[in-house]
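Colleague: The UniProt record's numbering applies: residue 1 is where the sequence shown begins, and numbers increase by one.
Wrong hints could be hidden among the right ones.
[Said to hold, decoys possible] Pair ranges (Cβ atoms, derived):
(1) Lys351 <-> Ser89: 29 to 39 angstroms
(2) Cys265 <-> Ala377: 57 to 67 angstroms
(3) Asn434 <-> Leu65: 30 to 40 angstroms
If you are wondering where the hints come from, they were derived from the structure by calculation, not from laboratory data.
Glycine is no exception: its CB is placed at the ideal position from the N, C-alpha and C atoms.
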Amino acid sequence: MVQYMNIYNELIECMENNLQVQKSELMTNIVNAIAFRILELKRNLWELESSPFHYVGTGLIVNKLTYDPEMTAVPKIKRSPLVKEAMESAFQRVKEKKKAPEEPEVLEEEEISDFTKLEQMRKEFMLKFGEEQEEQNENDVEENILSEEERVRMDHLNLIKAHEKLRQLTRSVKLATLKREAWAKELLGTAAPPARYELRQKAARFIQRIIRAYFEIKRNHIKECKRDQILGLAICKHPSVEKNIKVEQKPNNYAEFYEQYEKECASHKSKITQQYMIRKGDELSGDFRDRITAWFYEWFQSISFIHEIPKDGSITIFREELPDPEDWLEEYKEYLSKKKDNAGKNPQELKYEKQQAKVLQRQEKKQEKMRQKAEAALLKKMMRFPGMHPGYHYKQSKRTSELLELIHNYHKAWDDYDSQDRLEAKRKYINEINVQEAHMNVQLEILQKVDEDMKLIYLKLKNALQKNYNNIGEDMPEQFEKTKRKKKQKKLKAVHSERIADKLETLAIQGFVVDYPETKLEDYIGDPNFCGDDCRRLIMPTFPQSYEVRSYWWERCQEVAKGSQKILIIGPKLSGKTTLVYALASMNGACSDPWLARNHVLVKPFPNILLLPSLTYSLTELLIKNWINSYPSIPSTINVTNLAHMLAKYQKHSYGYLKKALVDFMTDERLDYERYLKWYFEKTPTGRKEKEHFEGQLHFKKIVAELAAKEEAKVKKSNKSAPISAASSRSAL
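Full structure from sequences and hints, please.
Modeller: Here it is in C-alpha cells:
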C-alpha cells in the first residue's frame, strides 16, 4: 500500500509541474485509479485486521517517505451563497436581540439630592482652580462604559508608560550631571590626565579578545540551540507573527487570483463564441439539416420506415448511438412476439411476475451473504489453530486491470511525442482548447434550433408514410423503447423566503443552530503511532493516536457532511471531540460518558464509532512547544522532554485539560481512560471485532509456542538417548 502511496505522490508532483495541458486528462485518470486501488487495499486490510486504522511506519521508512501531519489535501465543503447569507442574517438578528438596551436604574429622591449637591461642589471647585469645559447636550454625549478587563488593561498600560518616562528622565538627568562634572574638572584643571598610548593599545586589544570570545560563545550557543531544535529537545526562538499571517493568507490570495483569471477566460471564450457564430452559423445549420435528411432517407431505403428523432436530440444520430435499421427491425420483431405472449395476461399478473422475480433475486442475494458469513466464521475458527491455518490471500483486484489499461493508453498516446522534441505539441494548446470549446457550444446551440425544425419535417414524413401503409393495407411499425428510462429529478431552485429565515432565527435562539468558530483540522494536533505496525506484528494491544484519528476523520469528513455517514465520537471531556466537530462545521452527537446510556439505543444509529486516543508523550511535547511559542515570556531553555515525559506518564490528563492547564494552573483531576477502553471493547461491534481478532492472534501464538516447546523437548530427549545407546553397544563389544 505504501508503494502505491509513493507512486501517487510522484504522479501528483508530475501533474503540478506538467506544462502540457493535453496530458492532464490521462494523468488525472491514472491518479484516480491509483487512489481507488489504495482504498481497495485499505478495505482488504480492514477485513484482515478487523480495524479501520492501519499503521505504515515501517513501509514509509523503506520507501523514504514521511507522514503528512498538515493534511494538505483536506476536502473543503462550503455552503451555497444563498444558505450562507440566510445563516449570517439569522445569527446577526439573534446577536441584536441579545444586545437589548438595559433599563436605567430609578434613583430615589435622597440619592438625587446627594448627586445634585456633589455636582454643585464640583462646578464650584472647577470655577476656582480650573477652567470648566464647555457643556455639551445630553443627546450628543456618549458614555464610554469600560469593562473590568479593559479597565485593568488600561491601568497596566498607564503604569508601563509611567515607568518608561521615569527611566528616560532619570537617565537624561544622570548624563547631564556627569557631563557638568567633567566640564568643571576640565576648567579647574583637576581632571586626570589621559592614559599613555601603549596602555590604551593594550586595553583595546584586551577588549577585542573579550568581545571575540563572547561572540564565539554566542555562535556556539546558537548552533547548539538549532541542533536541539532539529532533534526536538528545545526551541530556539519564537516564530514571527507576521510570517504566520502571510502563510495563512496565501490560499486566499491564490483563490482571488484564480477567480480573476477565470473571469478573464470566460470573457475571452464569449468573444470567440460570438465571432464563430457570425462566421459559421448559417453554414453549420445547413450542414446539420442535410445530415439528418440523409439519415431519414437511409432508414426509408432500408426498411421503409423512418425512426423519430430521439429525445436527447440529433446528437445521438451523429454519435451513432442508435442501432442500424436492420438491427432495429429484428428487435421490433422480438418486441411483437413478447407482446403477443403477454396479450392474454392481466396487468396484475404481469406485476405479480415482476414482483416474484425481484423476490427470487433478493433471496439469492441473502443466501449468498449467509454463505459468505458462514465461510468467514469458519475461516476465523481455522485461523486460531496453526495446523488448520489456511493463510490469507488478498481478493482479486477490480482496479488493476483498469489501471494497466490507462497506463497503456498514456504510453500509446504520448511515447512518440515524449521521445522527440515536438514543440508543436506543447505550445499554444490552451488557446486551442478554448477555441474548440467555443465551437462546440455554438454547434450545440445551432443543433437545438435545427432539431425543432426537423421534428416538424418528421411529422409530415410520418403522415405521408402512414397514408402509403394504409393504401397497401399493412400496419406501419410503431416506435418502442427497450427499457424505460428513469425520469430525471428536477433540480430544486434555491428560494430564500421569510418563513425559512424566521425558522432559522428561532432555531438559533433555542441553540439548535450554532455559529461555530472557524476551526481547522490542523488544530487537532498530534503525532502518529510510529510503532503501530511493529506492535501488531508482535501481537500487542495497538491503539490509534491523534494523527490516525485525524486521518480517519479526514476520510469520512465528506461523507458525514453530505449525510450519508454517521460517526459516534467517544472520549472524555476536553479530549478534542468539539474540535473535530467544529472542523466539520456540523454537530453529529458527541458523547463523554457512554456507559451511562442504554447501549443499544446509543450504538444502533451509528455504523462507525470513533474512540479518541489518550494523551501520549509526543502529543504532550507538541503541546508544550506550542505553549512556549505562544508565550514569549516563557524561557526557551525549559526542558521540554522531561516535562512532557512526566505529564504523559504520571499525570494522565486529557488533551483539552492539559492545554487549558498550561495557560492556567495544574489541578488534581485525573481521567480513568480504562473505562472508555472497556466500554469500547465490550459494547460496540467494532470494538468486539478488534477484541476477537486480538484474542485469536494470542491463541494462535500460544499454540505455536506450545508446539515449539514440544519439538524442543523431543530433540533434547533424542539427544540424551543417543549417548546411552552408544555406550551399551561398546559394552557389548
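Colleague: Honestly, which of those hints from before does the structure not fit?
Modeller: 1
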